[in-house]
Amino acid sequence: MKSMLGLVYAFAALALLVALTACNPYLVAQSPAPPGRSARLDSVDGFWGLRYYRMEISTGVAMALTCNRNGPCEHVKVVSDNPAIVEVRPASLGVLARTYAGDAKTEAAIVVVGKAPGTAKLHLSAEEGERDVVVVVIPAPGAPGSADRPAQLPGS
Amino acid sequence: MRVVPLLLLVSGCGIGAMHQATLMGQCAADDAACSRRHPLAPIAIGARFYPEVAADMAGTSTPNLRLESAAPDVLAVEAGTLVAKHAGTSAVLISTDDGSVVDFVHVWVAPVTQISLARRDGDRLSGTIGLAVGEDLTIAPALWNGAQRLAGDADLAWSSSNDTAVTVLRDGSTDRRRIRARAPGVATLTVALGSATTSIGVEVVP
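Listed in order, the protein sequences are those of chains Y and S.
The opening residue of the first sequence carries number 1 in the numbering used here; numbering runs sequentially from there.
The opening residue of the second sequence carries number 1 in the numbering used here; numbering runs sequentially from there.
Hints were generated in silico from the structure; no laboratory data involved.
Possibly wrong hints are sitting among the right ones.
What the hints assert, rightly or not - Cβ-to-Cβ under 7 Å is the rule here; a few derived chain Y residues that face chain S: (1) S31; (2) V61; (3) P90; (4) G94; (5) V113; (6) S125.
We treat Cβ as the ideally placed atom computed from N, Cα and C, and that holds for glycine.
With the rest of the complex left out, here is chain Y:
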């Protein structure tokens, strides 16, 4: 009987974790990388689904992202733990996005800017939940510290 109860608790915890994981917003890249520079966003998935995002961006490059979960996110706030390495700005993307309910809302967007080589973390919070983005800012080709980096595919 005791082991059955443990099993029930385990399933409940599992369901809660799945629900919590699914309740966070998703980020989508909205702008390409310039030639020979990097600007990409990748999800880092765990057993329970999306854990956080990682971003690689070159110094001096900007990248637009939108925040969605069943439609555009509401009351988005993003902070960088090191604005000297990566800066984040609210953005006005004047387009409508459909929600699952069939209505439309203006996209919630941000712009991330690589300022100096290094690693920093962005924390996004919205009514729909929270997300972390680990951002690696890489030096531009020819800049100090760029020589030891292997050649990359364009935009990668």
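Once you have looked at the hints, place chain S on chain Y.
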């Protein structure tokens, strides 16, 4: 709303990554040799680019916009002008007064490897040109990186080997110069920016 594509044909532009704003050069419509006409090209190191910003957003006229550079060591923004400092690229953020980004354009900066000279109508000058005493000729320089024409106005160094025959005059523009044939003779006109230099011969006849 449809005015912006028309302007692109007239003067060329850099379209923002978010497709909401454009960065255009300020050029007179009939100025064929205007170096500010090429904002899609890299800006020459040491040159200034005078942009004109326009936005094309649904349901609104253009709000108050300002420019910011993501990498001021590559490309600085000084009083609304883009100033090319070092080779590379920098995003130019186009944002509203409250800091909300409306769009951005990645602008490239490149070194000048050669200079060419042209008349105001765009005809390229080379070799030796002949002028009569009292005649004026306006010359516009173009900055190049290999086969690619660069954008921006640079403060080039102009000199005449024989000021008695040919004098170089400013005409109010940063880059253009007016040369005046003053007396019969031969002169070499030299234009330089950093290590890039070009020369043409000028023969003044009575």
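Hint by hint, here is what the structure shows:
no.	hint	verdict
1	S31	holds, 4 Å
2	V61	holds, 6 Å
3	P90	holds, 5 Å
4	G94	holds, 4 Å
5	V113	holds, 5 Å
6	S125	violated, 18 Å
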